[in-house]
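With the hints as a guide, bring both chains together as one complex.
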Amino acid sequence: MPNGVLILAELVDGELAPITQELVGAAQRLNAGPVSAMLLGSGIEASASKISGVEKVYVVDNPGLAEYTNEAYTEAAAAVAKQADPAIILLGQTNIGRDLGPALAYKLDTAVAMDTIALEMKDGKLHTTRPAYGGNARAVNSFSGTPAVATVRPKSQDTAEGGAAGEVVKVDFTPAGVRAKVIDRKVATAEGVRLEDADVVVTGGRGLGGPEGFEGIEELAHILGGAVGASRAVADLGWRPVAEQVGLTGKVVSPTIYIAVAVSGASQHMAGCSGSKNIVAINKDPDANIFKAARFGIVGDYKQVLPAFIEAVKKVKAEG
Amino acid sequence: MHIVVCVKQVPDWDIPPASFKVDEAAKKVVPPPGVAPVPSQFDAIAVEAAMKIKDAVADTKITVMSLGAATARDVIKHGLAMGGDEGVLLVDDAFNDLDSTGTAKVLSSAIKKLGDVDLVLTGRQAVDWDLGVTGTLIAEMLGAPVITFAKSVNVANGNVTVERVLPDAFETVEAPLPAVVTVSNELGEPRYPKLQQIMQAARKQVNQWGAADIGLSKDDLAPRLTLEQLFVPVVDTKVELMEGDSPEDQAMALARRLKEAKLI
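Quick mapping for you: the protein sequence lines, in order, are chains A and B. So that you can map any letter, position 214 of the first sequence is 214 in the working numbering, and since no number is skipped, the others follow by simple counting. So that you can map any letter, position 238 of the second sequence is 238 in the working numbering, and since no number is skipped, the others follow by simple counting.
In case anyone wonders, no lab produced these hints; they're calculated from the structure. All of these numbers come straight from a predicted model, not from anything done at the bench.
Straight line, CA to CA, 25 Å or less: simulated SDA-like cross-link-like pairs of lysine to any residue:
(1) A:Lys303 / B:Asp245
(2) B:Lys27 / A:Ser144
(3) A:Lys277 / B:Lys259
(4) A:Lys82 / A:Val168
(5) B:Lys262 / A:Gly275
(6) A:Lys317 / A:Gly213
(7) A:Lys125 / B:Arg224
(8) A:Lys186 / B:Thr161
(9) B:Lys27 / A:Thr129
(10) A:Lys277 / A:Val316
(11) A:Lys125 / B:Ala222
(12) A:Lys315 / B:Glu243
(13) A:Lys277 / B:Val234
(14) A:Lys170 / A:Thr146
(15) A:Lys292 / B:Lys259
(16) A:Lys284 / A:Glu219
(17) B:Lys204 / B:Leu114
(18) B:Lys21 / A:Ser264
(19) B:Lys61 / B:Pro193
(20) B:Lys218 / A:Val140
(21) A:Lys181 / B:Lys52
(22) A:Lys181 / A:Leu108
(23) A:Lys107 / A:Glu71
(24) A:Lys314 / B:Arg256
(25) B:Lys262 / B:Met252
(26) A:Lys82 / A:Met1
(27) A:Lys303 / B:Met252
If you anchor each label on the Cβ, the simulated ranges turn out as follows:
(28) B:Asp220 / A:Pro2: 20 to 28 Å
(29) B:Asp14 / A:Glu219: 26 to 34 Å
(30) A:Pro63 / B:Met199: 55 to 63 Å
(31) A:Ala243 / B:Val57: 29 to 37 Å
(32) A:Gly162 / B:Asp14: 40 to 48 Å
From the three backbone atoms N, C-alpha and C, an ideal C-beta is built for every residue, glycine too.
For reference, chain B alone in the conformation it holds in the complex (with noise of 0.2 Å):
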């Protein structure tokens, strides 16, 4: 048993609110100084479901993989702290900002050279773009079926049983394998890797790609879905405190107020 994890690092996502900062003429998020980069989140859920799968199937290798700039071996880092076995960082100067068809394409072709791999599981989103795309569009390109927002992945007789999260009902898809998931936060938390294990990781193989390792080109990633602006939306609420001299007065401030509003 083969399984591939796609893991990706973002700009750490659980900063106030304040501290977010855009340079809108590059078109891209500023992190606040000091702060790492970090996996993103339902990423790391994606390889707590790989190491689920793990313990309960005997010989089974798990690749992270993650595209990205020479810091993601960090994300791969973390993942094989997690149990992961090996790594594979996709770095290039053609892998420059790739939309998600583009990043697809990167990541689906390696999976291809790997060869053997018989599941792919990828975080339901990015907690950077939020898009939730990249799972499926690998799964077309491997020709492979897909299931989304799992909360829990097994695997057994050449299948793979999901159950999914939708929001007023429960599901469960099967799937023959090769098949690729994509994990949501429901699955449960990652599990923390001890001390031992990120020592264990610092020895375990990365293998690093460029785009002639995987037989791309610049142009076999041409962007379909093109960035024109990106910025912070000015919240243009003036916040309308009630003032009294005790909660009551506030409190029936308030409900005169939204009353007037014909909100209540």
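The shape of chain A in the complex, shown without the other chains (with noise of 0.2 Å):
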């Protein structure tokens, strides 16, 4: 009888990446059965302890996950997942989550839901919230089958604090047969803080006329110890990198603080943005459709106001 939330671990650069103990903390409060994680990869094992308040943690530690790659790590988890037969498995909406969920759920003849931002249990049985319509609407889903598999939003969820350690459970897997192979990567160094891990995000929008308009859009985001952001008709313009793109083809980013700038709130920049906790506004229109969505605000030319906000910043700043 399948039983309980088995939860997909990731690691960065051998530390636990935050989605992990978010996912703990959305598994925990479903309340339904034991928490378990499983954590696949190569010389990880020492990892397991780090994952805390889940009863077991199935390690696959294998030179054949060094790299992720769909085939094997597919493999992989089907293979845990059959070993730990859990009712629900929960995945990060994550470059390893969003390949991974639809193959691993078709192996394990059931469905996923992607990108959920809300999870519960009614009668005993798994429903998701997801953002569809590119975030007009929400969508609500149940699975006919077990396990009901879905991939959660970073950031969307509270992590869970404390506990203990699970019982390390080791799996014995070795992939083979992988087609789909990585022949090449390399790693971005990003600048400062990660647009997505940022608490601080100030975006710039077309509203700003020109590249030169994010001199003060880098000096807000400096002060505030943020990133900057771009809309979809910046980046498009080349006046910001795609890597700053925010928006349903850009990143989705849910910091505590959203600054957006001359950006007019079109809705496939919402979907980017949405999950932020408090979003401002500047815009000279006062019909601008991030006003619905914003917490404070201001309607007025960016060019008076950003420079005036930067100063009043640095002196509520100094005041302490």
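In structure tokens:
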């Protein structure tokens, strides 16, 4: 009888990625039986004890899992799932999870709900809520089979703190017959704070009128220890690199404070930032869509407002 | 070289958020009057990826395939105008309201019927449900490898080589054909068909197949994921606009307010 929740742990440079304890938190709150984790990779066994608040950590430590490939990880995760027999599997909507989720669900003869932002049990069954239609709608799904597989949007769930490390269960698995192989991988060295991890994001839109408008955006981001974001129009126009694009086709961010300057708030942009805890909008158009989602705002021309705001922030911060 | 590109017809996503309406009882989106459905953004880019291969590799044939209502013929015709060779339209009452697994089952069955397919391209996700699973499921059902989030797709010596888009890395993945690749917007803008190409597309063959033609029945397509509810989220934030006689006053009011809320 399938029981409990199995989460996929992820590591970054040997340390737990934030998504791992977020998934543990989500799994615990479901109150749907014991929570276990699976950790897949090569030379990773020692990291298993860093995962807390779980009963067991299933570890597949094999050189064939040194780099993520869809086929090897799908087989490894399926092997763990067959041994652990969970009712629910949660993965992060990360590089790995968004690629692995559908393949794993198919291998287990079940279905996946992607990029979920809320999870709850109703009559003993998992119901997931996810944004659809570019963030304009929310879709609630249930599953007809077991296990229910869902990927969970990073930063949408409160982290599980504390709790004991789980009992390590080694699962013997060696991937074979991998066809799609990674032949080259270069890690991009991001300067400053990673956009997806930033607690503060300052985003500029087309209303800035040109790349030079981003000087103030960069300064404000710097003062607040945040990252710079861009709207799709800005990235399309080449004012800023695509890596900074926030939106449906760019990064999905959920910072504590999201400052949108001269951003109209098209739905495809909101799909990338609507998870922000506090949106601050500066826009000269009082009817701009961004104000509908904003908590604080200034109606005005950024050319006057932004320099004044930078000075005001400096002053207020200096007051301690 | 035979490439199949799967394209989906969706409600126009580029409408003002205020015009977006949902019929909660029917669990369906109600398009604003007079706004025609369009090809899903990433699927047009998948056609572009196929065309780039066709430009580089002699004897490449592109089949544009769509599952949906009879109106989905329009998105097939768009792909044919971009340079595709033939169309396959999959229409049947049994295909209504499929989940991703059912959708992939229909598409993979039609691809199997075509028989000689080397490469299947899809968009990274459809811009209606934004799930991003159909390409992977098609690959699983065909027993072919899948590579997701492609920014470039090249074919040589029986292999497909794909540059993948990752937030913090560049990755190149290679797989033997036949394979499935899902395409991301970083590949570039889809070409815009010229009038002459649109006229030529009108004469290109579009085969229409139903469930029986591809050996499926309604029972094969039972949903694994059920849509319980579809709604427009209520944005309950009331924006607090900063008042002031000058931009400086407004800016200072905002900074103080953020400080009070312990946000800076």
